[in-house]
Amino acid sequence: MLLSRSFRKFRKSKLALAAAAGIALYLAIGIGIFGGLVTREEAFERVGPDSVPGFGAEQKPEKRFGDVDFEMTLVERALKRKDPERALEETMLGHRRPAAVPVEELRKRLDAAFEIYDELEESKDLNREPELWPKLAELETAAARLWQPLEGWDTFSQHTKLVLGTDRQGRSILLRAVYAIKIALQVGVIVGISAVLFGTALGAAAAFYGGWVDIVVQWLYSTLSSVPYLVLLSVLVFMFQGSAVEQSLMPLYAAFGLTFWIGPCRVVRGEVLKIKQLDYVHAATALGQRRWRILLKHVIPNVSHLMLVQFSLLFISAIKAEVVLTFLGLGVKDEPSWGIMISQAKQEVVNGFFWQIGAATAAMFGLVLAFNIFTDALQDALDPKHIA
Amino acid sequence: MWQYVVRKLLWNIPVYLGILLVVMLALRVNDPVWGRLGKNATQEQYDKEREKLGLKEPFIRQYGKLLWGFDLGRESWDKPGRTVGEELAQAVWPSFWIALPALVLTTLIALATALVAAFRRGRALDRGLMAGAVVGMSISYVVYIILGQYFGAYRLSEWTGRQIFAIQGYDTKGSVWWAHFCLLPVLINTVLAVGYDSRFYRAVIVEEVTRDHVRTARAKGLTERAVMLKHVLRNALISVITHVMITLPFLIAGEILIEVYFNIPGMGRTLITAILGKDFPMVQGFTAVFAAVFIVTNILTDVLYALVDPRVRLS
Chain A
1 MLLSRSFRKF
11 RKSKLALAAA
21 AGIALYLAIG
31 IGIFGGLVTR
41 EEAFERVGPD
51 SVPGFGAEQK
61 PEKRFGDVDF
71 EMTLVERALK
81 RKDPERALEE
91 TMLGHRRPAA
101 VPVEELRKRL
111 DAAFEIYDEL
121 EESKDLNREP
131 ELWPKLAELE
141 TAAARLWQPL
151 EGWDTFSQHT
161 KLVLGTDRQG
171 RSILLRAVYA
181 IKIALQVGVI
191 VGISAVLFGT
201 ALGAAAAFYG
211 GWVDIVVQWL
221 YSTLSSVPYL
231 VLLSVLVFMF
241 QGSAVEQSLM
251 PLYAAFGLTF
261 WIGPCRVVRG
271 EVLKIKQLDY
281 VHAATALGQR
291 RWRILLKHVI
301 PNVSHLMLVQ
311 FSLLFISAIK
321 AEVVLTFLGL
331 GVKDEPSWGI
341 MISQAKQEVV
351 NGFFWQIGAA
361 TAAMFGLVLA
371 FNIFTDALQD
381 ALDPKHIA
Chain B
1 MWQYVVRKLL
11 WNIPVYLGIL
21 LVVMLALRVN
31 DPVWGRLGKN
41 ATQEQYDKER
51 EKLGLKEPFI
61 RQYGKLLWGF
71 DLGRESWDKP
81 GRTVGEELAQ
91 AVWPSFWIAL
101 PALVLTTLIA
111 LATALVAAFR
121 RGRALDRGLM
131 AGAVVGMSIS
141 YVVYIILGQY
151 FGAYRLSEWT
161 GRQIFAIQGY
171 DTKGSVWWAH
181 FCLLPVLINT
191 VLAVGYDSRF
201 YRAVIVEEVT
211 RDHVRTARAK
221 GLTERAVMLK
231 HVLRNALISV
241 ITHVMITLPF
251 LIAGEILIEV
261 YFNIPGMGRT
271 LITAILGKDF
281 PMVQGFTAVF
291 AAVFIVTNIL
301 TDVLYALVDP
311 RVRLS
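These protein sequences, in sequence, are chains A and B. If you read the first sequence in my numbering, its first letter stands for residue 1, the second for the next number, and so on. If you read the second sequence in my numbering, its first letter stands for residue 1, the second for the next number, and so on.
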């Protein structure tokens with residue numbers, strides 16, 4: 001095996017192995033999401049009141065009052081419809097449904113709850129009036145009677161969805177952060193592989209054939225790298241504005257694909273320039289092998305380790321660039337990605353709500369850190385020039 | 001040496017021509033005029049707008065005009081009455097006041113960190129610093145900016161009772177305007193960049209340490225400090241200078257995020273606003289200027305490189 005010695009060196013580093021395990025975990029979750037572990041609909045579904053903190057953390061009375069108000073309004077709205085039975089059937093909050101009692105009974109319960117509600121509504125600031133707090137607890141009990149108690153799996157599922165709280169639209173932060181793994185892996189893998197393949201093809205061809213091919217390739221990457229990449233990405237996204245694919249991830253892929261191949265192209269070109277001079281390549285030429293066959297059979301396999309390192313470098317860059325572009329309003333539009341979550345969280349942070357930004361950052365941190373460590377270990381093992 | 005410089009100069013001409021071509025083509029793939037006027041515009045309006053922009057002229061003439069003066073005299077679509085050139089002149093200063101201090105601060109801190117780490121290579125301090133750099137690099141820029149603003153501008157003023165750093169905006173009035181509006185973005189920017197730079201500088205220094213002349217210096221019995229400062233740092237500075245020069249034009253663009261978030265009317269924010277508003281003349285003009293700045297710094301870097309590194313002169 002070509003890489004066996006390097007592989008052993010890699011395996012010796014415990015940190016690198018831990019990082020590889022971490023990446024494998026993310027990959028497994030990502031594949032699971034492709035298989036339907038978390039669907040896109042679930043990531044958009046309302047599961048509770050807005051801005052609920054995670055782990056059932058204590059909330060201020062004013063916020064608790066607002067949440068009860070929200071839950072009562074949902075039932076009230078259904079009861080006011082022409083066909084309350086059907087409306088009630090369609091009302092759902094995550095796994096919770098309105099209590100399965102006759103409409104009249106539900107109306108009575110709602111009225112009872114509203115009696116307490118009206119008393120509390122007169123208060124200006126519940127946070128500062130502790131004498132009203134028992135009343136609030138009473139209201140919460142009364143409002144809870146409007147809803148069917150959860151059973152078995154549903155209880156667990158609902159608790160899981162709320163474990164990291166909800167965002168401003170009452171959607172589960174956990175589900176969104178997990179679903180975003182799919183988007184991140186998708187962007188990272190597609191961009192990484194296409195950029196490495198494209199860059200390697202151009203870089204190897206440039207170095208191996210030399211002459212005008214080399215000049216054109218060098219001109220191409222000097223040109224594209226002469227515009228700061230965020231500017232180039234922005235211009236490319238501008239290019240897609242108003243077109244049919246604007247809402248999809250296509251502009252993002254195109255923008256990354258066009259700029260990210262430069263790195264691997266440079267590295268591979270430099271390496272192939274050296275390999276080209278080696279004896280075994282001369283020997284192959286002397287044996288009368290065709291040029292492109294030498295390139296494919298003897299040169300490319302010897303830069304494959306560089307391709308691997310470049311892939312994992314680009315993977316990290318793509319994931320991070322996604323967040324930045326999305327933040328600027330140029331990236332992902334209607335999928336729950338880490339970029340979208342972090343961008344939305346800027347309003348919440350001002351109000352001291354850190355659950356969304358925390359969840360997205362932590363999920364992303366795990367993946368990027370694992371890849372950073374993994375890349376360093378790869379370079380240690382494969383690239384003799386790399387300095388540890 | 002002059003041969004080297006001239007060769008570099010000549011090489012940059014087709015590169016510059018290429019950038020402008022790429023930018024012009026990219027901006028014309030989707031008809032910018034329709035994008036601007038919307039689908040409901042009449043053919044008449046469309047023709048008039050095209051005429052005004054000079055988009056009816058042959059492509060090669062448009063190209064020539066952009067090449068000659070960046071089309072700085074064109075009127076912005078979003079800000080009637082203002083030309084691209086005026087907007088540019090206005091946007092340069094806020095960017096400058098953030099980018100330059102941030103660059104200086106980052107370079108100094110990163111270089112010091114790298115020296116310390118390289119000096120203690122393989123020991124706990126080195127490992128700690130580099131682990132910190134990797135951890136820091138694994139968090140998105142955006143998170144630093146959001147949290148930096150929250151703690152630096154909101155919480156700090158709550159604790160101290162005074163608005164030390166502005167939450168956002170930019171103004172040059174008052175005696176402490178720079179500290180008030182720019183210092184917090186500069187600090188955040190430094191935190192963002194220092195991890196990457198110190199890793200890079202450390203690698204450069206460590207590579208230098210393994211060179212023969214350093215071994216000779218050690219064998220002569222020089223102190224470790226003298227070896228580091230006189231023999232290692234001086235040579236490493238070549239790479240440091242090149243790195244700083246190359247990052248210069250990227251800095252202006254790198255401010256984009258910070259400028260957008262802190263609402264600072266610099267070049268980055270102006271460009272993003274133009275892109276989101278489909279302001280075609282502004283996008284084209286700004287990108288062309290960015291590219292030109294890059295080319296100029298590129299040439300300067302090459303000349304500087306030739307001046308400090310004798311090996312380049314000989315090759």
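Some hints here could point you the wrong way.
Using 30 Å as the maximum straight-line C-alpha spacing, the simulated DSS-like pairs for lysine-lysine come out as follows [said to hold, decoys possible]:
no. : chain 1 : residue 1 : chain 2 : residue 2
1   : B       : K48       : B       : K65
2   : B       : K173      : A       : K333
3   : B       : K39       : A       : K333
4   : A       : K346      : B       : K65
Treat the hints as calculated values from the structure; they're not laboratory data.
Cross-check of the supplied hints:
1. B:K48 / B:K65: Answer holds: K48 of chain B to K65 of chain B is near 20 Å, not above 30 Å.
2. B:K173 / A:K333: Given pair K173 of chain B, K333 of chain A is violated - Cα atoms ~39 Å apart, limit 30 Å.
3. B:K39 / A:K333: holds (22 Å)
4. A:K346 / B:K65: Violated, at about 42 Å.
When each numbered hint is compared with the structure, violations occur for hints 2 and 4.
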